[in-house]
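Q: Residue numbers (the working numbering), protein chains in the order written: chain F, 1330 to 2749; chain H, 497 to 614.
One should not assume that every hint holds.
To be verified - Lysine-lysine pairs mimicking DSSO-like chemistry, simulated, CA-CA at most 30 Å apart:
#, chain 1, residue 1, chain 2, residue 2
1, H, K600, F, K1897
2, H, K577, F, K1899
3, F, K1830, H, K523
4, F, K1878, F, K1830
None of these hints come from the bench; they were simulated from the model.
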Amino acid sequence: MAQCVQSVHEFIQDSFVPMVAVLCSEDAEKVTRKNNLNFSELLRPFCRLTSEGHMRDPNNQVQVVKNLRISVNNVVTRPSVPASGTPSLAQRLLLSEVVSTCQPAEGGVANVITAGDYDLNISATTPWFEAYRETFLQSMPAADHEFLNHYLACLLVVSSSEAVPVEKFLKLSQEQHRIQHSGEYTNPKWFIPNTLKYYVLLHDMSQGDEHRADSVYEDMKQRYGAQGCYLLKVNSRTAAAGADEQIPDPWSQYLHKSSLQNGSLVNSLDSTHPLQLDTSGDTPGSLDALRAVAVETKAGTAAAAAASHGACLTLNDHDRIRQFIQEFTFRGLLPHIEKNIRQLNDQLVSRKGLSRSLFSATKKWFGGGKVPEKSIAELKNTSGLLYPPEAPELQIRKMADLCFLVQHYELAYSCYHTAKKDFLSDQAMLYAAGALEMAAVSAFLQGGAPRPYPAHYMDTAIQTYRDVCKNMHLAERCALLSAEILKSQAKFSDAATLLIKMTSEVSGDCDLRSALLLEQAAHCFINMRNPMVRKFAFHMILAGHRFSKAGQKRHALRCYCQAMQVYKGKGWSLAEDHINFTIGRQSFTLRQPENAVSAFRHILTNESQQASSQQAAFLREYLYVYKNVTGVCDVALPQLPLPYINSSATRVYFGHERRLAEGEKQAATHVSLDQEFDRDLAAMWRDLEEQVVASANRGVVPATFQATQCCLNSQTDNLRFPLAVVEEPIIVEVVFRNPLKVPLVLSDVSLLWKFTLKDFSRPQDAAVGDALAFSNEKETLARLKLLPHQTGQLNILGLVYNLASTPSTGGTTVSSSAALKSDGPSPADGTSVRGRQDLEIQGPRLNQTKEEKTSVSHGPDRRLDPTITPPMPLLEVFFLQFPTALLCGEIRKAYVEFCNVSGVPLCGLRVVSTHPDFFTFGSSSLATPLTPLSPTSFENCSAYKTLATPPGATPGSVAAVTLVSAGDFGLGEGGSGTSNGVAEIPLEDRVLKPGQSTQLPLWLRGPDHEGVHEINFLFYYESAVKGGKISHRVLRHTVFICASRSLCVRATACRSNTLPEEEAEEEDERRNGSMLVFVDVENINTNEAGVREFHIAQVSSSSKQWRLHRCINPAEDKDCKLNSRERGKLCFRATRCKPVQGTIMTSIEKYIFADLSLGNEQIISSTTPCADFFFRRCPPSDSRRPPVAVETQGRLSRSQGAGPGGGAEDLTSLVRKCNEVDLDIIVLWKAFVVEDNKQVILEGQLHVALQTIGKEACSLTQKEEAQEMVLLKFKPELPPPMTRPSMEQLSHLIKTNLHYPESYRHPFIHKSLCLVPVTLTLSNCSLAQVDVIIDLRHKTTSPESLEVHGSFTWLGQTQYKLQLRAQEVMRVPLRACFLHAGVYNLGTPRVFAKLADQGAMCETSQQTATPALIIIINDT
Amino acid sequence: MAVCIAVIAKENYPLYIRSVPTQNELKFHYTVHTSLDVVEEKISAVGKAMADQRELYLGLLYPTEDYKVYGYVTNSKMFRKLHNSFTDVMCNPFYNPGDTIQSKAFDGMVSAMMVQAS
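My request is simple: use the sequences and hints to build the entire structure.
A: In structure tokens:
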């Protein structure tokens, strides 16, 4: 129970005080009316006696009466309360009014109670409860079974201005007598038949004659005795003097309350005269008046304060009144009570012994013992009277009450105790209960506590009142007293139980009482030694519920708020939601919409576990409340709790939203919000940008380089302020999540931003927020656009939107989403509110230093704070006729359109790609446009530059030769060229003016490997005006090319064993040697429906040393056609180029392009695009074989250390060189494809790089190669490979050739020995001197040598020792001798060779020539 | 049979709470919450007397008008089963102590203990 202002003793004493009635003459009433008071009101502030009184008890012991209060009331004859046990409607309204007017003070005393984890803020006092209690006790109707609130005395007041005051006194006295004794009135009740009458002469100092009053008083003293009358002089204050004198107003605290009290309230109905008896007044009438008064009090509290009381009274008057009360009490009332106690005591003593037995005897006689009148049935109904008012049984009770009133609790207790026994034996339950109650109370009040407080008395009393007597009123009083006593004894648990018991019934009319008692019970729980916090909270909620049922909304709200402290944030979500919801509702009805909104917000922001219907209700209510709030104050937009915004998922995009396709044109994909962020991709783009920036800055990446980020999200680097360009939109994508199970409708969404102007060169202009609308169940995105018109610093703060629940009329299901609404005012059917939500993005968690690791700190995130910079050029790139699918190696021509859509000129246009071999813009050196610039005029033309072959020439007979420098194609030099995939785009004037657009051809070549290829382009450009904040801008483009298999080209180079035909070849050429190149082409296309056949249109070669010479295909059909899965073979002779060609250009090595056309037109392979792709595909040979270069160098250094003798590396390289060919074959093909019943010719080129003689090279590069490179990369210190060249390599030093007639006729008959001259040609393939040994001795044991019938012998010298100079050809004439006709293999000579300066080395057997068969015919 | 079973964490927030008449869930939540006061009282009383021999069964906490609230164990095996199942949940390495219980096995066991709502 909360703390009370009064102590328990005070409280109980004040609950039972001597009652004094007042009868006032009309004139006297007038006198008091001057002060805006009636007589009883006038006295009320002075009714507590400050001095001690004394009286003697029947045993003549002096009893001290301390701190006595008397209650003075006007006589009211109308029964204010029906005698029944339940409170009347009027009384209930009164109590309700009392409670509702008594509210906790704003910011009042609150004590913090700590219980376990809970820190509760609880109002220390409950004044409303005390007010209720006081009012309740005061409005208790006078009951017949007890006398405590019966009138003990009556003040008869007559004004001195009365003509004959004495007569008036008489009249009033008679009146009193009539009221008490005539039997006309049941009310008021009087304590003792001879009520004390006290005569008061009221003298108005301002009006009357004081002497007359004094004389009348003298007269009165004569008549009534000095102790029975009083002259009270009031109104001594004159109106003139009154204005400036400040007089305390002791009435204010009493009168406000008292005006509500029933007695005076009813008085106010007939305020004309209190004696004007009006018996016809019935409850409804008084009820109406009461309502009126209640309204009046509500409205006019201030007014009442203004009409101050006691305006005509001075402080002297106050003292006089105080004096009067004291005089009356000590001289009149106490002696009267003393006398009466004595009388009663005498009566009782005289009757004792006799009376007890007599009474019981009579009872036995009359009742017969068995069938008493007070049968069980009757017992139940004991609310009716059992004893007449003057019954002897009641005398003891009367005495007890008197003793109690004058604080003689000991005597009172013994009397009550005796009375209790009597009543119980009489089965007079109501009386017994009353006696029990008072016995308990007086036992408690006894000083020194000779006996413990009999709590069971109280319990019995309450039970009896409630169950037997059905008198809730009395039961309640009893409970209130008992609870207070228990509380004072720290028996909080018992008190709580008692209080809760009183509330257990559910009837509707006792809500207020239940609420108050429950609240007190809750306070009991919290005040226990071990505070029971949860019980406190629960009972607070119950109290709040009852309060709200009783219409006490403020109190209900307060209760719920206090309970909330316990439930908050502990995971009891259902309870929490319930409380919040109730708080919200109550706050709203109490016009505290802010509180309501915040309470509702709690329900909605919690991860609600409520059912969807409940959520919908919450939401509706919330929106409704919210709307009312915003209706009141629309200054600042309030924060909305719904939907959730996933702030960190917010993405910001700078730039226009791009259209991906525009008719035929296909725009560069760039970056869009639709793309997911990919860390690897981002790194790739960053690398590309770094490359291109490096190439733009002469190979150095500036220290200030920062990759351009067009789209910022949680994973990008957001430490810097992003840069946005003026007049270019900023798109913010916000992710919403609806935590509820009901759909939300958002409309009119716009961004909230702050803008700081930095550059004042432009007039002030506002940025425009665009709006989107949507609704959904789970996660939804909204994109909002902002268009800056000025440079400066922009801060995007949050969102503003209208929130609504689904329109109920729409009949949409719960799961329905995307109720898109047009902007503008929201539709009328759903409640919608406008509010904001801030976007607060937390940066990434810092984890660098130790401090950061141990604490949780976050870095800044500047995603939403872009700096608006001056205009920059803006490039748009469109692709025309850009394919999506290509055959491997297919060449396609497409067009690119560059468009400068900004107002600033653009320059420095570059492109970098992940696949530089995929495309080319053509070589810049060939300035003349080779193909028509407009794509429309270019239909079905070859992408290649062609020349018609002369009509007479046989296809493939002679190769056309062109010399080309690699530098022309931007290769070779590492500077500003296309060194690593960066290509400058050949713009005219190198500048693209504002609004200008230009189209450039673009050749594409299908990737060599089949499958889908992702190809990324990064276009780089700068502003022509330097010095801006943004150094450059980029544009991304990603294409996906599906490559399908076309042809597979395998090529092998072989040494040609035949000697060049002498007649045709010059000596030089012969010396240089020739080679056979076999090109194996296979159609590996699997798409049989599409590609009908492939034609090999042309085979070209490109090398620094070799060139294709002529086609030596044996097949008739030169135009090689390949159907599906077919395979064709082409043979070519290649020759080494003339040394002249190589020596002219020593500084810049030139590539020799040789074209061997198989069709009727020659494709000039040395021009764009063929050569472009050739160079892009094959970088210069040195860089192509880096490991070899390293190898050579390493060995060189080692040899230098070893001395001049060791030349192993020279040897190796020499040996290797002789096997090396550096010949690239370009196979140009045409494919006939049926597409939409139309034949389309596709062209393409495949590259094969021949490096070593005899080693097959394939156009499809093997995967292993790449892996090898990686391995080399990881082991830079590779162990030196074998120091000496392998046998296999050494066996290729010398090329041998036998020249002999195919068949030889010899008449064996004539001559038995046949001699055939054979020439053995030895040619040195290497560039060094070679020692050669030729061994002619027969060795046919080798299994591989062809077994031929018979044998032959070489004649002459069987072993030669020769030395061949570099690339020297030597012929050795030999003679073979045959004995029989037949077929012989001449290829038996074995040739051994060693490098001439390598003395230590053995000669190595040279690769034998193929079997050389000769037919010897017997010529007869 | 039980109408409502709740597992409450040491810090007095619900780990698991389920009741059979779902329409009156709120009331049960309040009841359970309020009973924690009694549990706390009993535990603290026992803790003073003999900390070791703490009986897990708290017996009848308090009766409400319609139901009786028990702490932990009754003479039937009901609470023992609940405890075993709770131990299983705790042993789950993927269960983060202090989280609300979302175990199917636990759910099933609790359902078996509940009054079968018609």
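Q: Is K600 of chain H within 30 Å of K1897 of chain F, Cα to Cα?
A: holds, 28 Å
Q: Decide if the proposed pair is consistent with the structure: K1878 of chain F and K1830 of chain F, CA atoms, cutoff 30 Å inclusive.
A: The hint holds at about 19 Å.
Q: If you draw a straight line from the CA of K577 of chain H to the CA of K1899 of chain F, is it 30 Å or shorter?
A: holds, 27 Å
Q: Between K1830 of chain F and K523 of chain H, does the CA-CA distance stay at or below 30 Å?
A: holds, 20 Å
Taken one by one, the earlier hints all hold for this structure without exception.
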